[in-house]
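Sequences are here, hints too, so could you generate the full structure?
Remember, our numbering sits 148 above the position in the sequence shown when you count from 1.
Hints listed in this document are in silico derivations from the structure and should not be mistaken for laboratory results. Computed from a predicted model, the values in this text were never measured in an experiment. Built from N, CA and C at the ideal position, the CB exists for glycine as well. It is possible that some hints are incorrect.
[Stated by the list, open to error] Derived Cβ-Cβ restraints for the label pairs, each shown as a range:
#, residue 1, residue 2, range
1, M149, E242, 32 to 38 Å
2, Y225, G194, 24 to 30 Å
3, T240, P154, 33 to 39 Å
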Amino acid sequence: MISFAPNTPHGRAIAEMTDKAGVTLGVSTRVRFGETACAFVARGLGVTIVDEQTARDSGFPGLVRIALRGATSMPIYMHRNGAVPRSKVSATFEKLCRRRAGATLAAT
Numbered sequence: 149m150i151s152f153a154p155n156t157p158h159g160r161a162i163a164e165m166t167d168k169a170g171v172t173l174g175v176s177t178r179v180r181f182g183e184t185a186c187a188f189v190a191r192g193l194g195v196t197i198v199d200e201q202t203a204r205d206s207g208f209p210g211l212v213r214i215a216l217r218g219a220t221s222m223p224i225y226m227h228r229n230g231a232v233p234r235s236k237v238s239a240t241f242e243k244l245c246r247r248r249a250g251a252t253l254a255a256t
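Right, here's the structure in full:
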């Protein structure tokens, strides 16, 4: 199992799911980012649990995605410099992200 440090968003989500299920995972490798976990899986180094967005857009063809029953939600963060005005491109990008996230939530 390729997993995440407990202080990461993925690590917290996995801990919540395993606690609810009453199971303990045998973790062989810990990584910081979901994309890194997907890269390891693509190289045949194990399996992982990541959010839907990372699984879908990781850029690693051939990965098999399996939806988990009882999966938890995970926060999404957008970071920007609050000391400078936002550009039109930045504002548009944020709107697109919010729209896509809303469509994903509505589909579940």
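Verify the CB-CB distance for Y225 and G194 against the hinted window 24 to 30 Å.
For Y225 and G194 the Cβ distance comes to about 26 Å; the hint holds.
Is the distance from the Cβ of M149 to the Cβ of E242 consistent with 32 to 38 Å?
holds (34 Å)
Does 33 to 39 Å hold as the CB distance between T240 and P154, or does it fail?
With Cβ atoms ~36 Å apart, the hint holds.
The structure is consistent with each of the numbered hints, conforming to all of them.
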